[in-house]
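Based on these hints, arrange chain B on the given structure of chain A.
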Amino acid sequence: MERKSTIDKDLIKKVLGGDSSAFETIISNTKGLVIQIIYKMVKNPEDRKDLVQEVYLKVYDKLESFKFNAKLSTWIGTITYNTCLNYLKKKKIPILDIDQNEEKEVWERISIHTFCYSDNQTESYIFKKERSQILTLAIEKLPPLYKTLIMLYHNEELSYSEIKEITGLPEGTVKNYLYRARKKLKENLSLHYKKEEL
Amino acid sequence: MKIEHPYDKDIQEYTFDASNCSNEIIEHINSCEVCKKVSESYLVLSRELKSQPEPVLEFDLSELILDQLNFSKKEPIYNYLLSFIIIMSLGITFFAIYVFRDTFSNIFSANITISNYFIVSVTIFISLFLGLDMYRSYYKKINMLKY
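Chain order of the listed sequences is A and B.
Here the first sequence is numbered in this note's numbering, starting from 1 and rising by one per residue.
Here the second sequence is numbered in this note's numbering, starting from 1001 and rising by one per residue.
These aren't lab readings, by the way, just hints derived from the structure by calculation.
Check each hint, because a few of them may be wrong.
[What the hints assert, rightly or not] Below 27 Å or equal to it, Euclidean Cα-Cα: the simulated DSS-like pairs (lysine-lysine) are: (1) A:Lys49 - A:Lys89; (2) A:Lys43 - B:Lys1050; (3) A:Lys71 - B:Lys1050; (4) A:Lys183 - B:Lys1036; (5) B:Lys1050 - A:Lys184; (6) B:Lys1009 - B:Lys1050; (7) A:Lys31 - A:Lys141; (8) A:Lys31 - B:Lys1140; (9) A:Lys92 - A:Lys141; (10) B:Lys1037 - A:Lys183; (11) A:Lys184 - B:Lys1009; (12) A:Lys184 - B:Lys1037; (13) B:Lys1036 - A:Lys184; (14) B:Lys1140 - A:Lys14; (15) A:Lys43 - A:Lys147; (16) A:Lys43 - A:Lys92; (17) A:Lys164 - A:Lys62; (18) A:Lys164 - B:Lys1140; (19) A:Lys92 - A:Lys147; (20) A:Lys184 - A:Lys92; (21) B:Lys1036 - A:Lys9; (22) B:Lys1009 - A:Lys141; (23) A:Lys90 - A:Lys62; (24) A:Lys71 - B:Lys1140; (25) A:Lys71 - A:Lys147; (26) A:Lys147 - A:Lys58; (27) B:Lys1050 - A:Lys164; (28) A:Lys183 - B:Lys1050.
In isolation and in its complexed conformation, chain A is listed as follows (with noise of 0.2 Å):
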């Protein structure tokens, strides 16, 4: 962590000196990120090209006010979440349309209807051939927010004071939010089986 702050620190320092290929670092470091979380709360391919731009010209910017109180990958992550926010307030798109039961917060038991059913069909059936697409299709089912946290956590493997910094939410939503993600994704998967099997 020592060490990541001291290269970011030479690396800004750099990009204010006016060092073009340190800002290059920079991109090539991060994009995986930015593109990632672009990716999951955007869906127009154009809108998206415009917004990873609109994040680097962000990034160069504001690059003097940057106070290391976090990994320079997690502010690049806050300033992409927060643009893509913004984006989706201008198009208003809901980041989370939650329904009623979720609001209420209620949580089954598992029983041997659930086990039955979570397990012989998400299981059996994510081992199928096109499981990765069949994957990517309900994950596209979710609203931006979940998917966005789905990635962060399983894909990017960030923690949760990580992802917290980047969303801006406390750390038992991000964690809550999780829950209720986790659990749409393997309904959403459980759905096309059925959908199949029929």
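This is chain B only, laid out in the frame that chain A set:
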């Protein structure tokens, strides 16, 4: 062992965040085949998510961004210039106070108009630069909040 199965949320907590899971739930899941399988199904899901291919851009992002950026930064020059002007104006003020110290000692006792004008102009001069600096830091803070 508790016969009643835990909530789905608890099984997820056991699977991904066991350190925060209560002993009662850990004990139950460890000894319950049904819950264990649900936990395993979440692990399978997690593994599958990890192996999902990452999205790839069809264009060279670095090239596109660097083309739009002007790498001859003007900010540091502006900073140095502002600091230089502030230091110079402070220097001139103190030098003037030193040179006209006799006049200053009489300034409020004797009614010398030119000295009054001098004080007012220096005050305006300093206030102007302080105001400019305040505006700059305010703009910077607002920009930080905006991202």
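A quick look at each hint next to the structure:
1. For a cut-off of 27 Å, the pair hint linking Lys49 of chain A to Lys89 of chain A stands: about 18 Å separates their Cα positions.
2. About 21 Å separates the Cα atoms of Lys43 of chain A and Lys1050 of chain B, which keeps this hinted pair within 27 Å; it holds.
3. At most 27 Å may separate the alpha-carbon atoms for a hinted pair to count; Lys71 of chain A and Lys1050 of chain B meet this at roughly 22 Å.
4. Between the alpha carbons of Lys183 of chain A and Lys1036 of chain B the distance comes to roughly 16 Å, so the proposed pair stays at or under 27 Å and holds.
5. Of the supplied pair hints, the one linking Lys1050 of chain B and Lys184 of chain A holds, its CA atoms being roughly 17 Å apart against a limit of 27 Å.
6. For the suggested pair Lys1009 of chain B and Lys1050 of chain B, the alpha carbons sit about 21 Å apart, so the restraint of at most 27 Å is met.
7. Taken as a hint, the Lys31 of chain A and Lys141 of chain A pair is honoured in the structure, with Cα atoms around 24 Å apart against an allowance of 27 Å.
8. The straight-line distance between the Cα atoms of Lys31 of chain A and Lys1140 of chain B is roughly 26 Å, inside the 27 Å bound, and the hint therefore holds.
9. A threshold of 27 Å between alpha carbons decides the hint, and for Lys92 of chain A with Lys141 of chain A the separation of about 18 Å falls inside it, so the pair holds.
10. With a C-alpha separation of about 15 Å, the suggested pair Lys1037 of chain B and Lys183 of chain A falls inside the 27 Å cut-off, and the hint holds.
11. For a cut-off of 27 Å, the pair hint linking Lys184 of chain A to Lys1009 of chain B stands: about 12 Å separates their Cα positions.
12. At roughly 18 Å between alpha-carbon atoms, Lys184 of chain A and Lys1037 of chain B fall within 27 Å of each other, so this suggested pair holds.
13. Annotation: proposed proximity of Lys1036 of chain B to Lys184 of chain A holds, straight-line Cα distance about 20 Å (limit 27 Å).
14. Annotation: proposed proximity of Lys1140 of chain B to Lys14 of chain A holds, straight-line Cα distance about 21 Å (limit 27 Å).
15. Between Lys43 of chain A and Lys147 of chain A the alpha-carbon distance is near 12 Å, which keeps this suggested pair within the 27 Å criterion.
16. Taken as a hint, the Lys43 of chain A and Lys92 of chain A pair is honoured in the structure, with Cα atoms around 13 Å apart against an allowance of 27 Å.
17. For the proposed pair Lys164 of chain A and Lys62 of chain A, the alpha carbon gap of about 21 Å is at most 27 Å, so the pair holds.
18. With a CA separation close to 25 Å, the supplied pair Lys164 of chain A and Lys1140 of chain B stays within the 27 Å bound.
19. Between the alpha carbons of Lys92 of chain A and Lys147 of chain A the distance comes to roughly 18 Å, so the proposed pair stays at or under 27 Å and holds.
20. The hinted pair formed by Lys184 of chain A and Lys92 of chain A meets the criterion: a straight-line CA distance of about 23 Å does not exceed 27 Å.
21. Between the alpha carbons of Lys1036 of chain B and Lys9 of chain A the distance comes to roughly 46 Å, so the proposed pair goes past 27 Å and is violated.
22. For the given pair, Lys1009 of chain B sits about 21 Å from Lys141 of chain A by alpha-carbon distance, which is consistent with the 27 Å threshold.
23. With a CA separation close to 23 Å, the supplied pair Lys90 of chain A and Lys62 of chain A stays within the 27 Å bound.
24. Taken as a hint, the Lys71 of chain A and Lys1140 of chain B pair is honoured in the structure, with Cα atoms around 21 Å apart against an allowance of 27 Å.
25. Restraint check for Lys71 of chain A and Lys147 of chain A: the C-alpha separation of about 23 Å stays at or below 27 Å, so the hint holds.
26. Distance hint between Lys147 of chain A and Lys58 of chain A is fulfilled; the C-alpha atoms sit about 24 Å from each other, no more than 27 Å.
27. Proposed proximity of Lys1050 of chain B and Lys164 of chain A is supported: the alpha carbons are some 20 Å apart, at most 27 Å.
28. Between Lys183 of chain A and Lys1050 of chain B the CA atoms are separated by roughly 17 Å; this keeps the pair inside 27 Å, and the hint holds.
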